[in-house]
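Between the sequences and the hints, there should be enough to build the whole structure, so can you do that?
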Amino acid sequence: MDYIASYHETHYSRKFIADIVITTALIQLFGLILPLSVLVVYDKIIPNNAVESLVFLSIIVIAAVLAECFLRYLQESVIAYSTSRNDYLYKNRLLRALTTNFRNINEGCNVSAVKENLASDIAPSISLPLRRIIAYTELPFLVLFLVLVAYIASWVVLAPLLVVLAYYWVLRTALHIQAEAKQVNGDKQDGISIIAREALGCVETIKACGAEQQIASEYARLAQPALKSRHIFDMLSADLTAITNVFSQLIIIAAVSLGAIAYFNGQISIGSIAAITIISGRIIPVVQRTALTFHSRDEWDASKRQFRHLFSSAASNPGEVKLTGDIDINIQGLPGHHDDDGEGMKLSKGDILVISGANNAGKSKLLFSLAGLCEHDQAVISYCGIDVRKISNRDLTAHISLCPQKPKLVKGSFLENITMYDKSRISAAYDVSNEIGLTKDLAKFPKSFDEYLENVDYGVFHQGMRQKIAIARCLCSDTPVLLFDEINSDMDPESNNLFLEAIKRRQKDHIIILVSQQSQFINLGSKYLCV
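Just so you know, we're using the UniProt record's numbering here: the sequence shown kicks off at 1 and counts up by one.
Please keep in mind that the hints were generated in silico from the structure rather than gathered at the bench.
Owing to the predicted nature of the structure, the values given are computational and were not obtained by experimental measurement.
All the pointers check out, no bait thrown in.
Simulated pairs of lysine-lysine, DSS-like, Cα-Cα distance not exceeding 30 Å:
#, residue 1, residue 2
1, Lys365, Lys527
2, Lys504, Lys406
3, Lys349, Lys406
4, Lys349, Lys423
5, Lys527, Lys346
6, Lys440, Lys423
7, Lys440, Lys411
8, Lys346, Lys504
With beta-carbon atoms standing in for the labels, derived distance ranges:
#, residue 1, residue 2, range
9, Ile46, Tyr136, 38 to 44 Å
10, Ile261, Leu74, 38 to 44 Å
11, Arg506, Cys530, 22 to 28 Å
12, Asp19, Glu375, 42 to 48 Å
13, Gly357, Asp492, 21 to 27 Å
We treat Cβ as the ideally placed atom computed from N, Cα and C, and that holds for glycine.
Shown next as C-alpha cells:
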C-alpha cells in the first residue's frame, strides 16, 4: 500500500509540474500575439487600408486574449488544488513517519537508523513550490521579451532594462526588510505553522510516553523552515504589491518616452512604439516571480542542509550526561518562591507538587521545561544535581511521563494509543485502564481495546475520553516522574475521583507534579506553587 501511495503521489506531482510548465509557456506565447498584431496593424494594415485583414487579425487577437485568460484561470486552479493536496499529503506523511519510527524505537531499533529512515520519509514531501516552477519557466521569456524589444526598437530596450534592474533591486530590498521584521516581531501568521502544530502535537504526546525526544526536537526545528520554503510566495504584502504596480506603470512610461524620441528621429514606427509598450508591460510580473524565487533559494538550501546535518548518523551531543539512582528535582529562580536556604524548591520521591495560577501565567511552560521540551526563561531546573539541559534526551524521557492538556491520538487501535506500540506495557495498559474507568468507556466500541482509529481529529472523541487515554499512557509507563497539565479539565466527576485515587496510590513511589485549579487536587499536594 505504501508503494502504491508513493507511486500515485509521484505520478500526480509530475503531472502537476508538466501541466504548470505547459500552461505557463502557452500563456506567455499567447501574450505575444497582441503586441505583434498591433505592430502589424499600425505598420501594414492601416497604411494599406486592408479592412478584411484587420477584421481577421482582430478575431485572432480576441481569441488569444480569451485563451490567455482561460489558461491563467487553469494555472491558478492547478496551484490551489496542488498546494492543498500537497499540504494534506505532507501532514499525513509526517505523522505516519513519526508514528512508524517511534514504534521502531520502542521495539529496540537503532536510533541512528531510525533517524535516517525518518529523514528519507520526510524529505520527499518538501516539494518544489509550483509558483517557483512558474518562475523558472518564465525566465527564458523575460530574456525573449527584452530581445524582441531590442529587435523592434533597437536602443529603446534600455528603457525597460533599466526599470527592470531598478525594480529587482527595490523588490529584493523590500523582501529582505519584511523578512527581518517578521523575524523580530515573531510573526507566525503566514499559514506555515498549521501543519507543523498538528504534527508536533503528535510528537509531544509520543515523547511524553518515554520515546526518543531528540528526534522530536530535531523535527520541531526542521519543520518551520521546511514549510516556509513551500510558502515563500505568501510574503506578498500590500507594500510589495504597491511597489509592483508603481514599476508596472514606470516601465510603460519609460518605453513610450524613449520610443517617442526614437520615432521623432525616424528610427522606429508608431507600430513599434505600441508593440514595445505592450511587451514591456508584461515584463514586471515575470521579474517579480523571479525575485521571489531567488529570495526563497537560500531558505530552500538551508532546509536541505538542515536535513543532512540533523539526521546524520554522526550527529551527537558529547556534553550530555545520564541520570542514575533515585530521582530528585530542584527548581531555582521561580518568581514568588523563596526558600530560607536559597536552594530553591526540592522534590523527591513521595512529593506531590501542585501548580496553580492565572491563565497564560506560564504553568504549562514550567511543566514542559521540567520534561525537557523547552527552556524556561527564569527557572533553573536540575535532576539529581544535574542541569536538565545537560542530561541525555533519551535518558530524560526514560524517567519522565508528561500528559499535555490537549493530548493527541495516533492512527492505530486504542491499545496501541495507550502503549504507544511498546509491547511490554500491554499488561499494565489493561490494569491502568480498569483503574481509571477507561475499560468501561472502551467497552462501548465493537472491538473495545482493538478498535482501530482511522480518524483521530478533534471532535471525533470527547476531550474527556482523550484525557483518559493520555492518563493511561502516562501511568502504564510507570516512570519515576509523572507530569499532568490540567489533564482532567474535561473529565466527569466519577472519572476525576478515580484519577485522584490513582494518584494517591502512586504517591509513595513517584514524584508527581500537577497543574490544576481544582480544590480536591490542590488539597492532595504536599508542596504548592502559584505562578
